[in-house]
Amino acid sequence: MTMEDNVVPHERIRTLREAVQQARIAEADRSDALEQRRQTEQVRLELVARELEGVFAEAREKSDQFICEISAGATPRLWIDVTSHVAVANDIHTYRFLKDTRLGRIVLAETDDTGTLADRVTAYIAERVVDLERAVEADWQIWRLNEQAQKEAAEAQKRDEDKAAEAKARDDEAEAANTARLDGPAGRPRERGHAGFAFLFGLILGCAALAVWMQASGQYDFRQHLKFLQTSGTASFPQLTAEPSEETATATEETAPATPAEEETAAEPADETGSIPELAGAPETQPEAATGSETSSETVAPGE
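Each step along the sequence shown adds one to the number in the UniProt record's numbering, with nothing skipped, and position 194 is 194.
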């Protein structure tokens, strides 16, 4: 048994200083690795950018939407536009062409060949240029259609205004013509006043013609009626009597012998101005009643 076997080992003492030192060493190694990787990725992306230098120059002339630059950061990226970029995969040898969409990120191309990636990026830029030209053409077409529609709408509105003005002018002319034909403040047409005047004039003329015809034919003597109105004060018109037939006159002569008073009345000359004809069924006047009484007394006297 040796002396070394009898030595008891001391317990290990842990200190914070040693731990911090080890952490610093590990961080430096990790930082060196990340920096080395970042530099490596940037160099590989510069190779792709150098391959696409001519394409990027033309793309910038077509539109300002193409960025075509390498962004500095923890992970370098070659930006083609605001939604697409080229990055290096985790194996440091593979390129990935990515595009951000509303549905997420999609991979447009993935290859380790710089030429193949450059061709794919060139095709993408060409498609984007065509889309931009179509968009511009569509905007111009839409603007042209809108301008044409506005022009047609303005022409239609002008035609409608002209038609409305013509209709209003016709209405004004018709209203003026109607106003010219109006008579009085009540707005009665003159034609109606003329028709009423013509009707009244025709009625008066017809009455006058009827009176003249009746006077001329001897059916009625207005002068006798006026004289009758002056003497009796009665406003009623006597009724016209029809001429008695021969048989009726003969029967009357046979049944009623003439009295002396009637003979005297018949012997009196007729008034030049005409007499009022007796009306059939009209009541006898007072003088005729007196004559009748005298006749009855005279008729009874010879019998006595």
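Just so you know, these hints were derived from the structure itself, not from any lab. Just so you know, even glycine gets a beta-carbon here, dropped at the ideal spot from N, CA and C. Some hints could be false.
In silico DSBU-like cross-links for lysine-lysine, where the CA-CA straight-line distance does not exceed 30 Å [said to hold, decoys possible]: (1) LYS99 with LYS158; (2) LYS163 with LYS151; (3) LYS168 with LYS158.
Across the chosen pairs, the derived CB separations fall in these ranges [as the list claims (entries may be wrong)]: (4) ILE142 with LEU108: 38 to 48 Å; (5) ARG144 with ASP113: 25 to 35 Å; (6) ALA138 with ASP91: 13 to 23 Å; (7) ASP112 with GLU152: 37 to 47 Å; (8) LEU108 with ARG159: 51 to 61 Å; (9) GLU155 with ARG105: 30 to 40 Å; (10) ASP139 with ASP29: 35 to 45 Å; (11) ARG105 with TRP140: 57 to 67 Å; (12) ALA154 with LYS99: 37 to 47 Å; (13) ASP171 with ALA209: 17 to 27 Å; (14) THR15 with LYS99: 49 to 59 Å; (15) ALA138 with LEU103: 16 to 26 Å; (16) ALA138 with GLU46: 52 to 62 Å; (17) ARG96 with ASP29: 20 to 30 Å.
Verification of the hints:
For the given pair, LYS99 sits about 53 Å from LYS158 by alpha-carbon distance, which is inconsistent with the 30 Å threshold. For the hint linking LYS163 to LYS151, the alpha-carbon distance of about 18 Å falls within 30 Å, and the restraint holds. The suggested pairing of LYS168 with LYS158 holds, with an alpha-carbon distance near 15 Å, which does not exceed 30 Å. Checked against the hint of 38 to 48 Å, the C-beta distance between ILE142 and LEU108 comes to roughly 30 Å, which is inconsistent with it.
Remark: the range hint 25 to 35 Å for ARG144 to ASP113 is contradicted by a beta-carbon distance near 46 Å. Between ALA138 and ASP91 the CB atoms are about 43 Å apart, so this pair departs from the stated range of 13 to 23 Å. Between ASP112 and GLU152, the C-beta spacing of about 60 Å breaks the proposed range 37 to 47 Å. The hinted range of 51 to 61 Å is satisfied by LEU108 and ARG159, whose Cβ atoms lie roughly 55 Å apart.
For the pair GLU155 and ARG105, the beta carbons lie near 52 Å from each other, so the given range of 30 to 40 Å is not met. The given range of 35 to 45 Å is broken by ASP139 and ASP29, whose C-beta atoms sit roughly 56 Å from each other. Separation of ARG105 from TRP140 is about 33 Å and departs from the stated range, judged on CB atoms against 57 to 67 Å. The hinted range of 37 to 47 Å is satisfied by ALA154 and LYS99, whose Cβ atoms lie roughly 45 Å apart.
Distance hint check: the CB atoms of ASP171 and ALA209 are about 47 Å apart, inconsistent with the given range 17 to 27 Å. A C-beta distance of roughly 53 Å is found between THR15 and LYS99, which places it inside the suggested range of 49 to 59 Å. Distance hint check: the CB atoms of ALA138 and LEU103 are about 24 Å apart, consistent with the given range 16 to 26 Å. Under the hint 52 to 62 Å, the C-beta atoms of ALA138 and GLU46, about 37 Å apart, miss the expected range.
Range check, ARG96 to ASP29: Cβ separation about 27 Å, and the 20 to 30 Å hint holds.
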